[in-house]
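J.: Chain by chain, the residues:
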Amino acid sequence: MSDAKNFMFLNRRAPYGTIYAWESLEVVLIAAAFEQNVSLMFIDDGVYQLTKGQDTTGIGMKNFSPTYRTLGDYEVRHMYVDKASLEARGLTADDLVEVEWEDWETEETVDNIVEVVDSDRVAELLEESDVVFSF
Amino acid sequence: MKFSIQVNEGPYQHQASDSAYQFTKAALEKGHECFRVFFYHDGVLNGTRLTTPPQDDRNIVNNWVELAEKYDLDLVVCVAAAQRRGIVDDGEAERNGKDATNIAPRFRISGLGQLVEAAIQSDRLVVFGD
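So the sequences go chain by chain: A and B.
Numbering-wise, the first sequence is residues 10 to 144 according to the numbering used here.
Numbering-wise, the second sequence is residues 357 to 486 according to the numbering used here.
No wet-lab data here; the hints were simulated from the structure.
You may find that some hints are simply not true.
Residues on chain A that point at chain B, a partial pick, calculated with CB under 7 Å [claimed, not checked]:
1) 39
2) 43
3) 44
4) 68
5) 71
6) 75
7) 138
8) 140
Note that this is a predicted model, so its numbers are computed, not measured.
Beta carbons are placed, not taken as given, at the ideal position from N, Cα and C, and that holds for glycine.
I would like the entire structure built from these sequences, with the hints used as guidance.
T.: Below is the structure:
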């Protein structure tokens, strides 16, 4: 779709402790419904949003982490993770959920759209975006 | 240039709303256009007319209202964020069985689609918050 804009959602905060991550996800879902080119970037404590095995029963909060795994179904095509942020927290790609994506028309499938990228690539991707939502 | 503004923090606790107001006012005075101001997260708390700051302090809510009156600004409060935080207009009060409203004049409650539309329609979306 040629008149769609490149939307980048910059997720910078841990999933719990503040509401930013959850309310960011709500905007992502709406933006995808508007048929924009939606990408997500996880940076700083935002990388914790994608960690596997989240359990919120002890804090009385809704565990919304399963929603990230459905984003491929909402035509979100790219989920980038900042490598330096992962490393600073002792995490690797193996600690993160995998998100499958399939093009319903061409049946092209990508097993995992979560991609770890270095700082130079982070800068490039932000530069290429038309709109950057920062949460 | 056509701007849209997103305000992510409440008044007084955080400078985001003041900065957004100053930016919007300056842009309008320079002849730029503001398509919409969208209040999200605790930013929705900028939209209550019940705010009563001390007399020697700025009234952030009234600042927005006056700017909106002068330039016919579209001030939109996110409905989902507003419901969580108790910002209520007539429609919401009726729908959710509330006994009062508190929305400030010139503000309206609507959905996140308004934010996405603003981002699509504007040359720049400027986000204010942490």
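J.: For each hint given before, does the structure comply? Return the numbers of the non-compliant ones in rising order.
T.: As far as the earlier hints go, 3, 4, 5, 6, 7 are violated by this structure, in ascending order.
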